[in-house]
Amino acid sequence: MKQMISLQVNGDTYELAVNPWRTLNEVLREDIKLTGTKLGCGTGDCGACTVLIDGKSVSSCLTLAVEVQGMTITTIEGMAPNAEELHPIQESFIEKGAIQCGYCTPGMIMSTAFLLKNNPQPTEAEIRAGLSGNLCRCTGYNKIVDAIGDAAEKLNKDA
Amino acid sequence: MSLPKFTYLAPASLEEACNLLGKYQGKIRIKAGGTDLMVRLAQRALKPEYIVGIRQIPELATISFNPEEGLRLGAMALLYDVACNPIIQEHYPMLARAAKSTATVQIRNMGTVMGNICNASPSADNSPTLVAMNATIVAVSPAGERKIPIDEFFLGPGRSALEPMEIAKEILVPAPLPRSGVSYQKISPRSKVDIAAVNVGAMVVVDEQGTCQQARICLGAVGPVPLRASTAEEFLQGKVITDEVAEQAGALAGTDASPISDVRASKEYRRLMVIILTKRALLEARHGTSI
Ligand SMILES: Cc1cc2nc3c(=O)[nH]c(=O)nc-3n(C[C@H](O)[C@H](O)[C@H](O)COP(=O)(O)OP(=O)(O)OC[C@H]3O[C@@H](n4cnc5c(N)ncnc54)[C@H](O)[C@@H]3O)c2cc1C
Ligand code: FES
Ligand code: FES
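Line order of the protein sequences matches chains A and B.
When the letters of the first sequence are read in order and numbered with our numbering, they come out as residues 1 to 159.
When the letters of the second sequence are read in order and numbered with our numbering, they come out as residues 1001 to 1291.
Note that these hints are calculated values from the structure, not bench results.
It cannot be assumed that every hint is accurate.
[As the list claims (entries may be wrong)] Simulated crosslink set (DSSO-like; lysine-lysine; CA at most 30 Å straight-line): (1) A:K96 / A:K56; (2) A:K2 / B:K1023; (3) B:K1047 / A:K2.
[Stated by the list, open to error] Partial chain B-side listing against chain A, Cβ under 8 Å, derived: (4) Y1024; (5) G1053; (6) V1240.
By construction, the Cβ of each residue, glycine as well, lies at the ideal position given by its N, Cα and C atoms.
Between the sequences and the hints, there should be enough to build the whole structure, so can you do that?
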């Protein structure tokens, strides 16, 4: 039986009727049409589906939509401050060539946002540990690590 | 990867949650962080008619410490929060280490220490230290509360001593004893984020001369449940834990283990790692006694 829920995504409120067995990933992509959040494995291993819930990075494929009512959900679409500019983390990923096919990128960026909020000046080892829940098939990771280091510098300068 | 159909229940109190477990016995599963449960649902390994979420129950979020009683870890204490909690880092650094070595950031942001224990996997990261430190699980049901010593909690892979109508409410960890030290050691095929191929927790208590008064060693992933290394523990009684004694105890722990071969490691490799990790754990725990 469908339940009426209200989700706060990227500052907007969505009133939806959803079945309780639907994951947040399905509801974001299929009902709200925010397809920036990807689905990879569906079992918590790859990180492609990462979103922030009340500021914490979680796998949307392992989260039920009915459980996160009233919580603040941020997806990749909520990162850029406006239609013209990108978030500094997004800029760094582009500038450092940390994107190839791009499938892992939204998840990588959400994990980076969580990492840098809790640890604004991570060492390389901390960057690698912080991103260990995100798999990339294309880049070989070095450029992603560079991009995150670069994003940390940018954000610290802005602060 | 869609999920099988179920009804989702979100009780506001522990009492209400227990009543639901009673009402829908055999058709209902508890969901804490869901990082084990959701995967099993996706794989169709489980098809409960009802799921009862417990994350919104306020009393389950507690993490509190006092020097007499020790630590209370509520059922919804997240792996991430346990790993980063300053009080746990100060008084129970090995519980923090075990939580931190569980899974990935996203999974630690969702998953709980209690879920890790209740899932009763023999390789669970948080079991060996909790066994070594002699933790107690507090379970509640409509009949009331009972305390389950962790030594009696694990019955087999995926099987715990919890009754169908019980919810595990909190984990109690005794305050660290004077001159005690603890260690957690883990080895896994894929660096730090993977499920353990072998893990070992150890606690030792020594007297002023450094003689071992008590040793509790728990071996993970080398039996159907996290196993106490009783032969090694007995051997350590009354001995000063020198490098040589630690090595001999490690060899005995190797005989206490009953490993199997699987995708993560062969049984021969596992036994060898038990020997090595036990020795390392004992040396680190001895160091922690500051004697
Ligand atoms: C990608 C990935 C990597 C992982 N890596 C590791 C790893 O490295 N090491 C490791 O040990 N584990 C690992 N896990 C397993 C899992 O994340 C942990 O076991 C986690 O601690 C489970 O907690 P949870 O709150 O998500 O449990 P849930 O999935 O909510 O529950 C697990 C089980 O316990 C029961 N349960 C939960 N809470 C209670 C309660 N309070 N009372 C009674 N029963 C309860 C549930 O009914 C269920 O059967 C991994 C999982 C994933 C998806
Ligand atoms: S799709 Fe969620 S972790 Fe892979
Ligand atoms: S850029 Fe293709 S998977 Fe990472």
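Going through the hints against the structure:
1. A:K96 / A:K56: Since the Cα atoms of A:K96 and A:K56 sit roughly 25 Å apart, the hinted pair holds (cutoff 30 Å).
2. A:K2 / B:K1023: holds (22 Å)
3. B:K1047 / A:K2: Measuring from Cα to Cα gives roughly 18 Å; hence the hint holds.
4. Y1024: Check failed: Cβ of B:Y1024 comes no nearer than 14 Å to chain A, outside 8 Å.
5. G1053: Nearest chain A Cβ about 6 Å off; hint holds.
6. V1240: Violated: closest Cβ of chain A sits about 36 Å from B:V1240, beyond 8 Å.
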